[in-house]
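Asker: Residues per chain, in single letters:
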Amino acid sequence: MRFMMFMYPEIEEKDWGPKVDNVEEVAAMGRYNEELRKAGMLLSLDGLQPPSEGGVVSKVDGKATITDGPFAEAKEVVGGYWLIQARSKEEALEWASRCPAENCKIEVRRVFEMDDFPQEVQDAVEENFGG
Amino acid sequence: MADATRAIEAVWRIESARLVAGLARMVQDVGLAEDLAQDALVAALEKWPADGVPDNPGAWLMATAKNRAIDRMRRESNFQSKQEEIARETGALFALERSNFEAAADEEIGDDLLALIFTCCHPLLSREARVALTLRLLGGLTTPEIARAFLASEATIAQRLVRAKKTLREARVPFEAPRGEELDERLPSVLEVVYLVFNEGYAASAGEDWVRRDLCEEALRLGRILAELAPREPEVHGLVALLEIQASRLGARHGPSGEPILLLDQDRGRWDPLLIVRGRRALQRAEELPGPLGPYGLQAAIAACHARAIRPEDTDWVRIAALYDALAQIQPSPIIDLNRAVALGMAFGPEAGLALLDEINDEKALATNHLLPSVRGDLLEKAGRRDEAATEFKRAAEMTANERERELLLGRASRGGGPRST
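Chains V and F supply the protein sequences, listed in that same order.
Sequential numbering from 1 applies to the first sequence in my numbering.
Sequential numbering from 132 applies to the second sequence in my numbering.
Only chain F is shown next, with the shape it has when bound in the complex (with noise of 0.2 Å):
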């Protein structure tokens, strides 16, 4: 029994995300579309145990699904107060009843799903409801795993979910993917979406429950889903990249005692060279599409310079320092200096790095930043400048929150050497 519902957990995950857009696409509301979804995963928990899996298991859950919404809306109207609700769901039920019971056509799923990432992803909701609703409509995700992922509470989750798609219902966002010019505007707050999720795997330690570690696996799959749906956006691609590229080092870059192993410092071999050739081949798709590649290719094509590198002494600092040129002036930030400034230090020489922390010292954002003294301490130092060194690591050290990071900075201050912090 244990097994059958595992087994029919496996085919909901593998159909729901389709089994919610077609019903959305039918009765333009995701809410309404989720709770007859559910209701259909009821329907094959009751019946499949005993009966077996069906042989077209997602024609199954839909036609249940279409049915019961039938039925469902048969029965409410008749209670129904608001002459609205009525008309709203008079019109749904038309849709369903008209709507073919057989399997909709390739193109059409794909239109489908497209529609419900971009709807999951609509500006009007917060980021975390975004992602949120994306984990639970298109990745499948139950409220206690996205709970669990995120350390929240299940309440907490679940209130966001509900918000969520109450916000969409009234404010009656219709269940289509933009296009055209709409579609450019709306698109990264998807690409945000699939990189928040991962970044949030990214942050779990090896330690740490596996619906948490899963989450970067599961930032993947929404990125190459979406890749195959917007095969003409470069900036998916440019993701896509840049996410493969990242999940490639996931094995390297903890420690035995889960101490954080610096980019530079990790054992290359551990490197997953299938996620690397994947990441570049993504980035190579990104780079063939018309125009510049956005930012998410950019930080791709960074990614790519340190995967090329077999050993740390091989990296094309030079590209690097050029690639964070063009990723500052479309995306200026403090963040982006600093790591312009680190890549110019190694291509050209301290002095260089230098130059640059200079113009950007007096940015607010950086401010309370233990990174910018950081990274001029380690300028300074290879510029033999030990002692104005020592001052910035230990000007660092008070600044960071990080214990060990801490140790380490001061470290440096009194040795005026030690290993890399940047």
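Bound conformation, chain V alone (with noise of 0.2 Å):
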């Protein structure tokens, strides 16, 4: 089974992305995610630039509106995420208090697969997307 492993950095954005002055935290990540790959459960990883970079779509009765915002406040922010395989939750749950990382959350969520819906689900899927 998969887990997304959703960081959320409690920093403010002027702070955002590895910096000279945190060398040994962004050393630490490495080594984190050095550790996943070798256990052999690391699928993918992204860290994400501030949300400047991006923006916000907000659809509401079938109109787009593009914001840049708004956050209330920084720990809403997604910073990153691991795309993980495990053998059961508590085992990704293990993992994620693993991370080296200071004053954050670690949000982990299962990945929902196709055989967890139900036929007529997939079915739809299939014809909506398939070949």
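Since the hints were made in silico from the structure, they are not lab data.
Heads up, a few of these hints could be off.
Cross-link-like lysine-lysine pairs, in silico, DSBU-like; alpha carbons within 30 Å at most [as the list claims (entries may be wrong)]:
| hint | chain 1 | residue 1 | chain 2 | residue 2 |
| --- | --- | --- | --- | --- |
| 1 | V | Lys105 | F | Lys178 |
| 2 | V | Lys38 | F | Lys178 |
| 3 | F | Lys495 | F | Lys513 |
Far from chain F, some chain V residues (derived; all Cβ distances over 10 Å) [to be verified]:
| hint | residue |
| --- | --- |
| 4 | Lys14 |
| 5 | Gly17 |
| 6 | Ala27 |
| 7 | Pro51 |
| 8 | Ser52 |
| 9 | Gly54 |
| 10 | Gly55 |
| 11 | Lys63 |
| 12 | Ala64 |
| 13 | Ile66 |
| 14 | Pro100 |
| 15 | Ile106 |
| 16 | Glu107 |
| 17 | Ala124 |
Note that the structure is predicted; figures quoted are calculated from it, not measured.
Note that beta-carbon positions come from the ideal geometry of N, C-alpha and C, so glycine has one too.
Dock chain one against chain two, each of which comes alone in its own frame, and use the hints as you go.
Answerer: This is the structure we're talking about:
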């Protein structure tokens, strides 16, 4: 089974991303990612640019509105993610708790797989996207 | 309490292989190492629910295992009668007491894990024993889980594990990863185990036990671990590439009622693009290393050709035929020739495929295999030789043991057309 681990760093936008003064922290994260890779569990990962490099699309009554935010608090902003293969929810949570990052939250979510959907839904997906 | 146990089990699954490997290096006996690791698990199950999981659970388990080992050996050495046993255990005791209680360096852990993989897959052991021991010691699966995964009784698996450990002990197999030429010799037996585990999971149907279906993921995990431990071995990356790409099709290979869907008829929208990308990257790693691709690398390259084709008609059959040709040269087998005939037929027309089939017609290995007449029927049909094709399909129908397949083949025989059978 697959789990997505979302990292919510509790930092201001100006402090976003790898900097000269947090080299050690970045190196520790690198080692952690390497551990995940060596354990054969890491499927993919990415760090995200600050929210100002993106935007938010809101959909209401079929109408799309693009805005820059708003984000009430920094901790609601995803800073990056890992997609891992784990053998149980507990194992995924254990890996998340081993992340060396300070002052952050990591949300662990199980990924839906096609088998999780009822057959009718699978058929509908197939009709829309299938060959 | 149940939650705490599950959390401990999760820690165990993460730590157990490293723990067993580190202990095995000290005591030079995987069976004993496993017992010591189990002692540590029992201690964790006693302590952690009340005290909480320690900050560094791996180090805690290792320290506990070593302490228990020392106690146990001191106690047992008083009763041991066999001189040889005492000598062995005294040596282990010395190694344990001398060893640093702090965590080993990364490189050392890697060496230990590699040694554990090679020991579990030692050529002295039968294939079944290698598979069971690998899942137990590297996968951290329990005996009942392995039994469920392989549709065997717990007693059978338990006995298989006991015998395997005894064989290794009696042969005094040193706990180390082979190097140089010996590594080349022994690597195939390791890769075979990973491949067998994957295929066992691949053969499981959707309704079956999750333990069984999870074997594919477990094999992928083992393969990826191996790729990090032995990054200079092209066949390791070749195998990982093959497994990643085959796994990408897991969601597409069965219809709603569980019937198998053949590769060319699969809905490619259901292939997992992430695993395909990972597979192609692993294949690239294999290709970038010196030397030609081995059997796994070539099979991965063939799988990658299919993965690259957005529609079945986009498939590069000329390249696939060339890859099968290379595969047949390094690993001659009538089954590979059958596949090569299919590829040749697709690439250069049915006559090219039929010509190869004539060459392998008398192969004993294919005498009872329905695929030979089935493939020939398919090629004859494509060549417009309907009557001959019908004869072949009928012959194939008589030979197959699979009821559904028989119906399919008889249908083709009577219609002189219909869905693909290969």
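Asker: None of the hints should be skipped; say for each whether it holds.
Answerer: Against the structure, the hints:
| no. | hint | in the structure |
| --- | --- | --- |
| 1 | Lys105/V - Lys178/F | holds, 28 Å |
| 2 | Lys38/V - Lys178/F | holds, 29 Å |
| 3 | Lys495/F - Lys513/F | holds, 26 Å |
| 4 | Lys14 | holds, 32 Å |
| 5 | Gly17 | holds, 25 Å |
| 6 | Ala27 | holds, 14 Å |
| 7 | Pro51 | holds, 25 Å |
| 8 | Ser52 | holds, 28 Å |
| 9 | Gly54 | holds, 22 Å |
| 10 | Gly55 | holds, 25 Å |
| 11 | Lys63 | holds, 29 Å |
| 12 | Ala64 | holds, 25 Å |
| 13 | Ile66 | holds, 27 Å |
| 14 | Pro100 | holds, 12 Å |
| 15 | Ile106 | holds, 15 Å |
| 16 | Glu107 | holds, 17 Å |
| 17 | Ala124 | holds, 12 Å |
When each numbered hint is compared with the structure, no violation occurs for any of them.
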